[in-house]
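We have chain A; now place chain B onto it with these hints.
As they're listed, the protein sequences go chains A and B.
Counting from 1, one number per residue, gives the positions in the first sequence under UniProt numbering.
Counting from 1, one number per residue, gives the positions in the second sequence under UniProt numbering.
Hints listed in this document are in silico derivations from the structure and should not be mistaken for laboratory results.
Hints may contain errors.
Because identical chains share one entry, a pair is satisfied inside a single copy or across any pair of copies.
Stated by the list, open to error - Once the Cα atoms are required to be at most 20 angstroms apart in a straight line, the calculated SDA-like pairs of lysine to any residue come out as:
#, residue 1, residue 2
1, 2, 177
2, 304, 220
3, 4, 174
4, 4, 176
5, 406, 67
6, 173, 382
7, 515, 497
8, 410, 9
9, 4, 180
10, 275, 323
11, 27, 42
12, 27, 348
13, 445, 511
14, 304, 321
15, 27, 385
16, 530, 468
17, 275, 43
18, 2, 57
19, 27, 432
20, 530, 497
21, 521, 542
22, 27, 382
Protein chains: 2
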Amino acid sequence: MKTKIIESADNAYQYPLLIKNLLLSGKRYQPTQEIVYSDLFRYDYRTLYQRICKLAHVLTDAGVGAGDTVAVMDWDSHRYLEAYFAVPMIGAILHHVNIRLSPDQISYTMNHAEDSLVLVHDDFVAIAEQLTEQLPCVRGYIQLTDEAKPVATSLNTFGDYEALLEKASDHYKFPDFDENSVATLFYTTGTTGNPKGVYFSHRQLVLHTINGAATLGLYDGQPLLRSEDVYMPMTPMFHVHAWGVPYIATMLGVKQVYPGRYEPNKLVKLYRDEKVTFSHGVPTVLQMILNCAEAETTDMTGWKMVTGGSAPTLALAQQMADKGILFHTAYGMSETCPLLTLTYLNPSEQALDMNDQLALRIKTGIPNAMVDLRVADPSGNDVPHDGESVGEVVVRAPWLTQGYYKEPEKGAELWQNGWLHTGDVASIDEAGVLQIKDRIKDVIKTGGEWISSIELESLISQHPQVAEVAVIGIPDEKWGERAYALIVPVSGQTVDAGALQAHLMQFVESGRINKWAIPEKISVVSEIPKTSVGKLNKKLIRMQVS
Amino acid sequence: MKTKIIESADNAYQYPLLIKNLLLSGKRYQPTQEIVYSDLFRYDYRTLYQRICKLAHVLTDAGVGAGDTVAVMDWDSHRYLEAYFAVPMIGAILHHVNIRLSPDQISYTMNHAEDSLVLVHDDFVAIAEQLTEQLPCVRGYIQLTDEAKPVATSLNTFGDYEALLEKASDHYKFPDFDENSVATLFYTTGTTGNPKGVYFSHRQLVLHTINGAATLGLYDGQPLLRSEDVYMPMTPMFHVHAWGVPYIATMLGVKQVYPGRYEPNKLVKLYRDEKVTFSHGVPTVLQMILNCAEAETTDMTGWKMVTGGSAPTLALAQQMADKGILFHTAYGMSETCPLLTLTYLNPSEQALDMNDQLALRIKTGIPNAMVDLRVADPSGNDVPHDGESVGEVVVRAPWLTQGYYKEPEKGAELWQNGWLHTGDVASIDEAGVLQIKDRIKDVIKTGGEWISSIELESLISQHPQVAEVAVIGIPDEKWGERAYALIVPVSGQTVDAGALQAHLMQFVESGRINKWAIPEKISVVSEIPKTSVGKLNKKLIRMQVS
Numbered sequence: 001m002k003t004k005i006i007e008s009a010d011n012a013y014q015y016p017l018l019i020k021n022l023l024l025s026g027k028r029y030q031p032t033q034e035i036v037y038s039d040l041f042r043y044d045y046r047t048l049y050q051r052i053c054k055l056a057h058v059l060t061d062a063g064v065g066a067g068d069t070v071a072v073m074d075w076d077s078h079r080y081l082e083a084y085f086a087v088p089m090i091g092a093i094l095h096h097v098n099i100r101l102s103p104d105q106i107s108y109t110m111n112h113a114e115d116s117l118v119l120v121h122d123d124f125v126a127i128a129e130q131l132t133e134q135l136p137c138v139r140g141y142i143q144l145t146d147e148a149k150p151v152a153t154s155l156n157t158f159g160d161y162e163a164l165l166e167k168a169s170d171h172y173k174f175p176d177f178d179e180n181s182v183a184t185l186f187y188t189t190g191t192t193g194n195p196k197g198v199y200f201s202h203r204q205l206v207l208h209t210i211n212g213a214a215t216l217g218l219y220d221g222q223p224l225l226r227s228e229d230v231y232m233p234m235t236p237m238f239h240v241h242a243w244g245v246p247y248i249a250t251m252l253g254v255k256q257v258y259p260g261r262y263e264p265n266k267l268v269k270l271y272r273d274e275k276v277t278f279s280h281g282v283p284t285v286l287q288m289i290l291n292c293a294e295a296e297t298t299d300m301t302g303w304k305m306v307t308g309g310s311a312p313t314l315a316l317a318q319q320m321a322d323k324g325i326l327f328h329t330a331y332g333m334s335e336t337c338p339l340l341t342l343t344y345l346n347p348s349e350q351a352l353d354m355n356d357q358l359a360l361r362i363k364t365g366i367p368n369a370m371v372d373l374r375v376a377d378p379s380g381n382d383v384p385h386d387g388e389s390v391g392e393v394v395v396r397a398p399w400l401t402q403g404y405y406k407e408p409e410k411g412a413e414l415w416q417n418g419w420l421h422t423g424d425v426a427s428i429d430e431a432g433v434l435q436i437k438d439r440i441k442d443v444i445k446t447g448g449e450w451i452s453s454i455e456l457e458s459l460i461s462q463h464p465q466v467a468e469v470a471v472i473g474i475p476d477e478k479w480g481e482r483a484y485a486l487i488v489p490v491s492g493q494t495v496d497a498g499a500l501q502a503h504l505m506q507f508v509e510s511g512r513i514n515k516w517a518i519p520e521k522i523s524v525v526s527e528i529p530k531t532s533v534g535k536l537n538k539k540l541i542r543m544q545v546s
Numbered sequence: 001m002k003t004k005i006i007e008s009a010d011n012a013y014q015y016p017l018l019i020k021n022l023l024l025s026g027k028r029y030q031p032t033q034e035i036v037y038s039d040l041f042r043y044d045y046r047t048l049y050q051r052i053c054k055l056a057h058v059l060t061d062a063g064v065g066a067g068d069t070v071a072v073m074d075w076d077s078h079r080y081l082e083a084y085f086a087v088p089m090i091g092a093i094l095h096h097v098n099i100r101l102s103p104d105q106i107s108y109t110m111n112h113a114e115d116s117l118v119l120v121h122d123d124f125v126a127i128a129e130q131l132t133e134q135l136p137c138v139r140g141y142i143q144l145t146d147e148a149k150p151v152a153t154s155l156n157t158f159g160d161y162e163a164l165l166e167k168a169s170d171h172y173k174f175p176d177f178d179e180n181s182v183a184t185l186f187y188t189t190g191t192t193g194n195p196k197g198v199y200f201s202h203r204q205l206v207l208h209t210i211n212g213a214a215t216l217g218l219y220d221g222q223p224l225l226r227s228e229d230v231y232m233p234m235t236p237m238f239h240v241h242a243w244g245v246p247y248i249a250t251m252l253g254v255k256q257v258y259p260g261r262y263e264p265n266k267l268v269k270l271y272r273d274e275k276v277t278f279s280h281g282v283p284t285v286l287q288m289i290l291n292c293a294e295a296e297t298t299d300m301t302g303w304k305m306v307t308g309g310s311a312p313t314l315a316l317a318q319q320m321a322d323k324g325i326l327f328h329t330a331y332g333m334s335e336t337c338p339l340l341t342l343t344y345l346n347p348s349e350q351a352l353d354m355n356d357q358l359a360l361r362i363k364t365g366i367p368n369a370m371v372d373l374r375v376a377d378p379s380g381n382d383v384p385h386d387g388e389s390v391g392e393v394v395v396r397a398p399w400l401t402q403g404y405y406k407e408p409e410k411g412a413e414l415w416q417n418g419w420l421h422t423g424d425v426a427s428i429d430e431a432g433v434l435q436i437k438d439r440i441k442d443v444i445k446t447g448g449e450w451i452s453s454i455e456l457e458s459l460i461s462q463h464p465q466v467a468e469v470a471v472i473g474i475p476d477e478k479w480g481e482r483a484y485a486l487i488v489p490v491s492g493q494t495v496d497a498g499a500l501q502a503h504l505m506q507f508v509e510s511g512r513i514n515k516w517a518i519p520e521k522i523s524v525v526s527e528i529p530k531t532s533v534g535k536l537n538k539k540l541i542r543m544q545v546s
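Here chain A stands alone, though its shape is the one from the complex (with noise of 0.2 angstroms):
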């Protein structure tokens, strides 16, 4: 198409979208506002700002140029905070490394990443001694430290996070790049394989949060961060940005809490002392937060909370509103930087009683402004919109990671015919909510339907003599797939294949599944293979039955 292409005048500037630009405005708007880190150090946003330019000194004093890799190794802090902008503004990679990986994997990143300086917090100089020679690419180390001195270390250091700021002018001129400079770095793990790094830039990060800021302000049934709410994350830094959150709270420049390590009564300290009004966690930090000693005592009314990662329950959902938690769903993955959908709920439904309220808060809600998503059925034609018929969302939006780090035949199967495949199986009803119902590895792929396994072992574990259950796909030559189903029965009890298939049919006849979603061969076993976090572990379930 022959659009007329817009003109510059000589001398006009051409606006890149770049991370620096989001720290114009919260110091104007709000510039006493407090950044905090747990009951240890607290300042306020012009300090904020001076302490970004100092750390860009003492990058670039250490040798980081553009496009070079810093690591950083902390649990939640100002000083990640600060890392966040003043990394990617001296045109370097921020690594966010994933601290909970297990030492081959976090060297594994490392390497990949190909990280040469790293930011470590005392927790974690152990880990990086004993990797430390493994890592050819690090060429030293800043120590963070919660103390009057950080440990003792064998490592090649700069010295102390808080000693090099102290001697660096609180001045710097950021430069402008391109706007599709790679800002950040993390990493992925799947099942199987190493894990896979995905990357953003500072063009997919403004747009994140620019777009982010009104997705989550704006709407009166929504998630609300504005201008006077008080932000603290439970979602580890190191985890997909915080969710974004952090460069949306710098930008609107509202008071914000890093509470280092995550430990439930203290999370729970800091929300009162510090009031807080705005967190994320995935269900089980939550679950952590309602069942710790401080929780007993502690008023959470109005707390406003944004639940991710894993689906909550119902049962969690009722826990929270009864302490009076406003929670609400969202949708996203690492690949996705990560914001897609959000529970929102309309006027009539915000009306209703709360308890009315749970099941439309559990649900992943719609899709965020300038979110193309899409649930596609195997021909990537778009399923019915009546909360029924499942398909795999397929998305766009303008921040996606455009692959896998160095790995283009990985990318290559992430992104199909233009659209990212999330690999998720969800329904979409008329009003657009979107249903998350399994992984499609998950999904048991039959007679051209899909089926989720997690819907049938919901229903097969329905039936009173079912203590455990797990449903998987296997080849079948008429079928395409069957469902194959393993049965722990009830302790003390028994079951056999036909009484179970007669419980499914009161589903076939209701209309809720299909007659072929029903086992054709169920197993009673003693025991279903779990992985080591106690999920079901299908990949070994598929290849004992192979």
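Just chain B, lined up with the frame of chain A:
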């Protein structure tokens, strides 16, 4: 700088920022919210999208291709809104014709823009007929009417807008193209020369919209446009995209009310009947609203209002406050899309009595997110942020015109050293609040300082014998320029230069002005030249003096 540029996997989608993507969210979030046209027409967001598809078919059927320009001559209407989207979405350029210009100027702009198709409302058919012979580029017209049938005309028309839409398909596959494609074009008039065209790309408008949404909605101390608001413009849609708010409102999916031709009583009635909560208008329009008959019987409490275009007086602010209107001031210009700054009240200022807020609410506030704004002295250095020192406002933002259409020399004057020079003189205070003082061409540059002619006029006018005053700068060998004042004494009284100089000395003594700001030459006259709209005609005064 050698940063690492992002690499894209095969088939990865490189999302261009296109206006079509602003339409994704409104109909998802609030499908049943309404678009209202005066008391004539209303429909919901699903219909809006269908009508935009239909209009795209009508335009392409009429031969409009990518890169062509389509003109609209209409009051504020739902059809104008449809054109805001459909025209750029097919890769064409929307020319918002300023129907307040003289016929000669309209014809100049339409030829300069090379309009190929014109959407013309009944009210402008007569002028279109008068001009059509002078517009060889125009291949045809589409008529817009509020009646059963459009007015009879000798114009070469394709037919009636509604009849054409009726027949068109409500599906259209909008193409992707370069985000730097020109989307909109309109003309700004100065006091001399022909109108100048400013132009904005898809990328610029998308960024203006999502950033504007975040800025307008997220700060408690700012005008708040959020999901449950009802929007009605009172700045015409042909004037700088109605300040960009129709795009923001549509992205959010809020109810929108388009009032047609501005008639104060009708505007107030629509405000009341449609429960409008958010509007914007220049001070003159607001004054008309306050003074009309409907206003007397209408409760305006809580109506959020942004004013701009020229400085509101404290008296207007007081009148608005007396009616319960929550008003704010914005700053921007045709060249800037337009949003640059907005009144912002911090929490302690919000807590003040409304009467004490007025002086703050008529300031132009602080720059929006992503806006890099400086007040620079003649050497290009930042003036002190003391609320007193004045300089020219220079700016960078992702949505500034990159020049004047087909006039590169004028564009090079606008853009100097990579900063857009607004031609406005302002001070900025410690809190970053901008206060526009004057147009730079009306500033007196004397002894290396800038003196605001408006401020001098205000001080001189405080002398009891002065009825009218105009101050200009006249060349001076030693000082560069010196102030020169023309005075009209109060009827039946006299005043001499010495008395006025003595009067001004008190302001020198109080530190308000420098001694060299006192005009050396003061002429007492019986009349001061005015422009056709009653403003001081400083251009004529300068010519008469030189």
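Taking the hints in turn, this is what the structure says about them:
| no. | hint | result |
| --- | --- | --- |
| 1 | 2 with 177 | between (28 angstroms within a copy, 9 angstroms between copies) |
| 2 | 304 with 220 | both (12 angstroms within a copy, 17 angstroms between copies) |
| 3 | 4 with 174 | between (33 angstroms within a copy, 17 angstroms between copies) |
| 4 | 4 with 176 | between (26 angstroms within a copy, 14 angstroms between copies) |
| 5 | 406 with 67 | within (15 angstroms within a copy, 39 angstroms between copies) |
| 6 | 173 with 382 | between (49 angstroms within a copy, 15 angstroms between copies) |
| 7 | 515 with 497 | within (15 angstroms within a copy, 102 angstroms between copies) |
| 8 | 410 with 9 | between (42 angstroms within a copy, 8 angstroms between copies) |
| 9 | 4 with 180 | between (23 angstroms within a copy, 8 angstroms between copies) |
| 10 | 275 with 323 | within (16 angstroms within a copy, 36 angstroms between copies) |
| 11 | 27 with 42 | within (15 angstroms within a copy, 43 angstroms between copies) |
| 12 | 27 with 348 | between (38 angstroms within a copy, 17 angstroms between copies) |
| 13 | 445 with 511 | within (18 angstroms within a copy, 83 angstroms between copies) |
| 14 | 304 with 321 | within (11 angstroms within a copy, 34 angstroms between copies) |
| 15 | 27 with 385 | between (44 angstroms within a copy, 15 angstroms between copies) |
| 16 | 530 with 468 | within (11 angstroms within a copy, 89 angstroms between copies) |
| 17 | 275 with 43 | within (16 angstroms within a copy, 44 angstroms between copies) |
| 18 | 2 with 57 | between (46 angstroms within a copy, 18 angstroms between copies) |
| 19 | 27 with 432 | between (38 angstroms within a copy, 10 angstroms between copies) |
| 20 | 530 with 497 | neither (22 angstroms within a copy, 97 angstroms between copies) |
| 21 | 521 with 542 | within (14 angstroms within a copy, 97 angstroms between copies) |
| 22 | 27 with 382 | between (45 angstroms within a copy, 18 angstroms between copies) |
The structure does not agree with numbered hint 20 stated previously, though it agrees with all others.
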